[in-house]
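Number of protein chains: 2
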Amino acid sequence: MTIATREWQLVRRPHGEPVDADFALVSLDRPEPQPGEVVVRTIAMSVDPYMRGRMNATRSYAPSWELGETMQGGAIGQVVTSRSDDVPEGALVLHGAGWRDLAVLPAAHVQVVEPLPGLPLSLHLGVLGMPGLTAWAGLFRLAAFQPGDAVFVSGAAGAVGSLVGQFARLRGASRVVGSAGTPEKVAWLGSLGFDAAFDYHDGAITDLLAAAALDGIDVFFDNVGGEHLEAAITAFRTFGRAALCGSISNYNAVSAPPGPRNLSLAVGKQLSLRGFIVSSHADLRPEFVAAVSGWLREGSVVARETVVEGLDSAVDAFRALLSGGNTGKMVVRLAPDPD
Amino acid sequence: MTIATREWQLVRRPHGEPVDADFALVSLDRPEPQPGEVVVRTIAMSVDPYMRGRMNATRSYAPSWELGETMQGGAIGQVVTSRSDDVPEGALVLHGAGWRDLAVLPAAHVQVVEPLPGLPLSLHLGVLGMPGLTAWAGLFRLAAFQPGDAVFVSGAAGAVGSLVGQFARLRGASRVVGSAGTPEKVAWLGSLGFDAAFDYHDGAITDLLAAAALDGIDVFFDNVGGEHLEAAITAFRTFGRAALCGSISNYNAVSAPPGPRNLSLAVGKQLSLRGFIVSSHADLRPEFVAAVSGWLREGSVVARETVVEGLDSAVDAFRALLSGGNTGKMVVRLAPDPD
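Protein chains in written order, with the working numbering: chain A, 7 to 345; chain B, 7 to 345.
Keep in mind that the hints are not guaranteed to be accurate.
Covered by chain B, per the in silico footprint, the following chain A stretches (three or more residues, Cβ under 8 Å) [stated by the list, open to error]:
(1) 228–238
(2) 243–257
(3) 274–285
Source of the hints: derived by calculation from the structure; they are not laboratory data.
This structure is a prediction, so every number in the text was calculated from the model and none was measured.
Think of the CB as a built atom: it goes at the ideal place given N, C-alpha and C, for glycine as much as any other residue.
Based on the provided sequences and hints, a complete structural model is requested.
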């Protein structure tokens with residue numbers, strides 16, 4: 007007996023923007039689970055900007071994906087077969103082997119989760135998962151946010167950025183400013199409680215930020231890179247702090263983008279610029295889960311998703327993510343949540 | 007009665023490289039000291055790279071100097087007249103009103119110093135003064151140096167850089183690499199105990215650093231800016247830390263230099279880049295003075311000076327400093343140390 011699966015594989019390394027021919031959706035017969043293993047049927051899987059780096063041959067912070075192997079990523083599903091005493095059939099679990107309809111995994115590689123009443127399971131891929139912890143670690147540890155700080159978030163309508171702005175507001179920011187790529191996203195940021203937001207297509211970002219931030223910023227959370235960082239350096243007050251989380255504007259670039267021409271201001275302004283990846287900050291998870299679960303229960307955090315239906319659409323969802331096609335967390339849903 | 011002084015004034019703001027016509031050496035009659043004031047005869051005065059910023063109309067981290075007023079800076083001298091019970095005549099004092107042969111100051115604005123036996127007083131302008139504390143704060147606080155770190159210092163033959171490398175070596179660096187601008191300076195770095203050094207004119211700095219640093223760096227102390235920072239970002243290992251102290255390569259620039267094109271590597275490498283100015287770290291002075299005085303007494307730190315004689319030569323000394331004419335601390339000596 008084998009298990010028939012459908013899985014997305016990387017078959018060619020993208021040059022610049024990924025195209026359909028870089029990927030293949032294949033049907034495989036996987037071996038039955040061994041003792042200690044479980045079979046998980048995917049309910050929802052994550053597509054995230056960092057995956058673009060894994061498609062390159064050069065190692066980014068995560069190892070490169072191999073050609074002809076199934077891609078990986080965050081997913082949530084239900085255990086349909088268990089050969090482990092630790093994880094019963096029917097359990098809802100998170101795991102890191104996304105991009106497939108069925109995953110055969112060691113039970114030790116899955117994490118049982120409890121659904122939050124009235125909220126979709128996929129929140130464990132977003133606000134309660136890696137993007138949420140990324141926002142938390144970047145804002146509170148890397149950028150050392152303090153109540154009263156003025157905060158600027160680039161890519162503020164994305165999975166991480168929309169949480170950074172809300173976390174900052176809930177913890178007493180004096181002002182929260184965000185940038186996004188469409189008028190609709192800008193309007194949505196207003197509904198989230200951002201004090202100001204702008205569409206970065208509307209002019210020079212330095213000018214747009216200066217108008218939005220009034221008397222400067224203390225914290226910058228960067229998801230976009232490039233011109234946004236230069237604008238933030240100009241807007242920073244003394245002792246400004248940047249958490250450098252990503253540079254989605256460069257992920258499809260085929261040549262190195264220019265760096266911020268004003269970086270020498272970092273000396274006199276005594277700025278701190280700190281890059282990070284979330285896996286180095288897993289120790290923050292308990293305080294993060296406690297705080298954000300509470301905010302979700304009381305309705306003070308909005309966790310919006312852009313949901314794409316079906317495994318067949320996963321590559322389309324990923325490509326749309328890189329060009330800003332999402333508001334909030336981009337999720338690929340394969341099946342409805344169990345009752 | 008008045009006091010006849012000779013003082014250097016800024017009479018025009020330099021455009022690019024300072025020229026003689028930007029400065030004037032004037033003879034003034036200063037009022038006699040009031041109660042609580044002292045008159046200090048200058049023994050030696052400091053010229054430092056940060057002074058170039060004070061010559062511009064735009065505020066850098068220190069306020070702009072006013073046109074037609076006497077410039078300021080670190081100086082050491084002897085009290086020749088005192089109207090204060092706190093500071094006796096004959097005392098040796100540090101103060102911040104350099105660029106003149108005689109300074110009339112409130113006694114509260116001078117700091118009495120004890121000479122170190124056998125060492126010139128001017129060390130209080132260098133290894134025991136602002137440049138020394140800059141090296142200390144940048145290396146140990148901003149870059150969070152730990153024993154075993156591999157360290158790269160740009161402008162390593164300067165007043166600050168030469169101390170950074172020596173401090174790192176004395177505290178257990180696994181490797182200390184420096185860049186400098188002449189073969190003589192490079193050779194001198196070897197005599198200081200640097201494990202490797204290169205002349206940054208000898209090729210692309212990224213290549214020169216890669217060859218000198220072997221398997222990468224953990225700490226970068228930047229005095230130069232520009233291409234040096236880009237090279238360091240490439241050479242950084244995970245969790246690399248940069249202390250951004252200055253960017254002397256840009257001080258005379260009339261347009262913004264390009265930023266590091268590889269700054270997006272800061273995310274995956276989880277780098278920390280921190281700008282600083284020494285005045286924010288005065289709390290480190292006691293530990294700094296204790297450690298460095300000990301090293302000087304035992305001869306384990308070399309505090310080289312480039313000495314220019316006479317107040318008339320002060321502007322020449324400053325201009326030479328900006329073009330790399332110094333090895334170690336650039337000092338203008340007006341009078342010999344008292345016996």
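Verification of the hints:
no.: 1; hint: 228–238; in the structure: holds (count 3)
no.: 2; hint: 243–257; in the structure: holds (count 5)
no.: 3; hint: 274–285; in the structure: holds (count 10)
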